[in-house]
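There are 2 protein chains.
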Amino acid sequence: MKNDRFLRALLRQPVDMTPIWIMRQAGRYLPEYREIRSRAKNFMTLCQTPELACEVTMQPLARFPLDAAILFSDILTIPDAMGLGLYFTEGEGPRFERPIRTKAQIDNLGVPDPNEDLRYVMDAVSLIRRELDGRVPLIGFSGSPWTLATYMIEGGTTKNFSQVKGLMFEQPDVMHSLLDKLAQTVTSYLNAQIAAGAQAVMIFDTWGGILTNRDYLAFSLNYMQKIVQGLTREYEGQRVPVILFTKEGNEWLEKIAATGCDALGLDWKLPIGEARKRVGDKVALQGNMDPCILYSSPERIREEVASILASFGNGNGHVFNLGHGIHPQIDPEHVKELVEAVHSLSAVYHQS
Amino acid sequence: MKNDRFLRALLRQPVDMTPIWIMRQAGRYLPEYREIRSRAKNFMTLCQTPELACEVTMQPLARFPLDAAILFSDILTIPDAMGLGLYFTEGEGPRFERPIRTKAQIDNLGVPDPNEDLRYVMDAVSLIRRELDGRVPLIGFSGSPWTLATYMIEGGTTKNFSQVKGLMFEQPDVMHSLLDKLAQTVTSYLNAQIAAGAQAVMIFDTWGGILTNRDYLAFSLNYMQKIVQGLTREYEGQRVPVILFTKEGNEWLEKIAATGCDALGLDWKLPIGEARKRVGDKVALQGNMDPCILYSSPERIREEVASILASFGNGNGHVFNLGHGIHPQIDPEHVKELVEAVHSLSAVYHQS
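For the record, the sequence lines run as chains A and B.
Numbering of the first sequence is given in the numbering used here, commencing with residue 1 and proceeding in unit increments.
Numbering of the second sequence is given in the numbering used here, commencing with residue 1 and proceeding in unit increments.
If you are wondering where the hints come from, they were derived from the structure by calculation, not from laboratory data.
A few of these clues could be false.
In this list, chains with the same sequence are indistinguishable; a pair is considered to hold if it fits within one copy or across any two.
The calculated lysine-lysine pairs, modelled on DSSO-like cross-linking and capped at a C-alpha distance of 30 Å, are [as the list claims (entries may be wrong)]: (1) K255 with K2; (2) K41 with K255; (3) K336 with K255; (4) K282 with K103; (5) K336 with K159; (6) K247 with K103; (7) K41 with K282; (8) K226 with K2; (9) K2 with K41; (10) K277 with K103; (11) K255 with K159; (12) K282 with K226; (13) K159 with K282; (14) K247 with K159; (15) K336 with K181; (16) K247 with K277; (17) K282 with K2; (18) K181 with K247.
Predicted model only: the values in this text are computed from it and were never measured.
All chains, please: the whole structure from these sequences, using the hints.
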């Protein structure tokens, strides 16, 4: 591996400078992405065609000296493979043709075999690994069981989560049986990504943060913990780090850190230094710049980078990132400035 | 006052049972509200016609033994009075005809005189007080300066807050001058509501929770604190309690409590007992049931009420509420069950 800063930081080992990657770094803010997207039939064609997924994954690495690549895919590939029929509507996000609501529908859901039903993902992972040729590590990912269940039951994005919470409150056993099925599937899906070449994996718990404390622990974190326990943690002699990220989950950092994962994703609300104090030396931290800073001038971006690096302070275990995906309107030149600032301003924190 | 449980609880004085009111208790889940709304030209007609605002305010009190009434109005009356042209679109929420973006536009904004430019609000408050006839206290309210600024700059609801954060990051002085103007206006607006008859006031900081720690303190909490310091805290011999509510603001409870307010609004993510431990005996707490529980059966609602009451425990300073506004789809019979459960299950926590 030519640049293993990202993996080393996740394992809290010394690095020469703080590594950075950016959530949604392959995406709509890049003109070359928009070009390839405009030629594809739809968004899922990009995900399901390994050559296209690979090309899109590589695009930001050609522009910026990022320290990791992330598989271009969607968090909802699993429910699609379960037969729910994923599609995307302009401006409204993901939707399912056949949402599930009843115990019978949940009982009838099959558990996909990732190497068959999600073969296109594994082919993309292998192809990207070959294309990367050891330049930087490749991140695989999945949605969390609770987050997948939310979309599967609501049928798409929602503001009030009435259907999924209704089922959870009224028929908790039925919800648990769905989450259990999803946890099994996510485990085998991520293990297949690792076997195909993913060198770290991240679980996105986009909607855990809408739950009460009790419900978060029982219906979201509990299943992420099961996944962490079932993952391949070492592959071909290399440790495979696991990152958990619950959006709006700052209430539960200590509990997420206790699952046995290697790193936590952070949004921008909590200063990263405070998060570090709370989780101690248990896990690495990934984050936590407000994505809106990228609308600002290069000077303002640099200032914010400096402030976040100073908040984390000396020592190991920081992967720089935004606290959420980059917005489609951002000027790629500002991203260049961000990556440069993180590398150049962080070296001082890594002198031994 | 026939029932002053709500005011006593806000001031952490002994009560016979835990008082309850419900955010958006006058609203679309009530058929009688939908009926009157369908006859009005638009939503703002309801707010701007004191007789209609009064009728709508009283509707939930006719159905349920709630412990407070809240003025029927909108958080965006102030920017409307500043000339931005508030209107509502079906399914998209509030919008402004003339959003503001530049220093010149902000410099040109007038500071409204609440007794002239927002006379309709004061007339509604007086009328409701007369109509209530001492039955329960009346709550007045406003949006927080930061929340008002968000809508004024974005022109409506937004997902990524790029305009308002762009101005904040790039021209913090311009943003501060807008927030200062808004803080002055909110102060005189709430003081006018108090003079017209509001017996407690609440500030809704709907969008403070999208900020980093540093920005929240500087651009949101700072201005709420100025307002708290400028409010009429005693009127005609009665203490007028102030409630602050930052949605998604659990990171900052201690800091909000230190502003000098009397009570904090809580969403449902943090167990209320934990919040109580954190703010000690400094303030009362208002909340914190997940609004989605109201989709459930009466038994499940009762169970959740019992759990929240137990989490708060013995002693004074709890006003029961949802952690967010009630959803329009809720069955009013479930609200009846909720109010009954809070009153009957809480008495045991108030025995001396």
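Here is how each hint holds up against the structure:
1. Within a single copy, K255 and K2 get their C-alpha atoms no closer than 34 Å, and across copies no closer than 46 Å, so neither meets the 30 Å cut-off.
2. For the homomeric pair K41 and K255, neither the shortest alpha-carbon distance inside one copy (42 Å) nor that between copies (51 Å) is at most 30 Å.
3. For the identical chains of this complex, K336 and K255 are neighbours neither inside a copy (35 Å) nor across copies (36 Å), given an alpha-carbon limit of 30 Å.
4. Taking CA atoms no more than 30 Å apart as the test, K282 paired with K103 passes in neither setting, with 39 Å inside one copy and 47 Å between copies.
5. For the identical chains of this complex, K336 and K159 are inter-copy neighbours only, at 25 Å across copies versus 34 Å inside a copy, given an alpha-carbon limit of 30 Å.
6. Taking CA atoms no more than 30 Å apart as the test, K247 paired with K103 passes inside one copy only; the shortest distance there is 28 Å, against 34 Å between copies.
7. Taking identical chains as interchangeable, the C-alpha atoms of K41 and K282 are never at most 30 Å apart, the minima being 45 Å within one chain and 59 Å between chains.
8. In this assembly of identical chains, the alpha carbons of K226 and K2 never lie at most 30 Å apart, being 33 Å within a copy and 55 Å across copies at closest.
9. In this assembly of identical chains, K2 and K41 lie within 30 Å of each other by CA distance neither inside one copy nor across copies; the values are 36 Å within and 67 Å between.
10. Taking identical chains as interchangeable, the C-alpha atoms of K277 and K103 are never at most 30 Å apart, the minima being 43 Å within one chain and 40 Å between chains.
11. Proximity of K255 to K159 under the C-alpha cut-off of 30 Å is found in both arrangements, the shortest distances being 26 Å within a copy and 29 Å between copies.
12. In this assembly of identical chains, the alpha carbons of K282 and K226 lie at most 30 Å apart only when taken from the same copy (19 Å versus 40 Å across copies).
13. With identical chains, the CA atoms of K159 and K282 are never at most 30 Å apart, being 34 Å at best within one copy and 33 Å at best between copies.
14. Proximity of K247 to K159 under the C-alpha cut-off of 30 Å is found in both arrangements, the shortest distances being 15 Å within a copy and 15 Å between copies.
15. In the homo-oligomer, the alpha carbons of K336 and K181 never lie at most 30 Å apart, since the shortest distance is 42 Å inside one protomer and 37 Å across protomers.
16. In this homomeric assembly, K247 and K277 come within 30 Å of each other (Cα to Cα) both inside a single copy, at 19 Å, and across copies, at 25 Å.
17. Proximity of K282 to K2 under the C-alpha cut-off of 30 Å is restricted to the intra-copy arrangement: shortest distance 27 Å within a copy versus 56 Å between copies.
18. In this assembly of identical chains, the alpha carbons of K181 and K247 lie at most 30 Å apart only when taken from the same copy (23 Å versus 34 Å across copies).
The structure is inconsistent with the numbered hints 1, 2, 3, 4, 7, 8, 9, 10, 13 and 15, although it conforms to all the rest.
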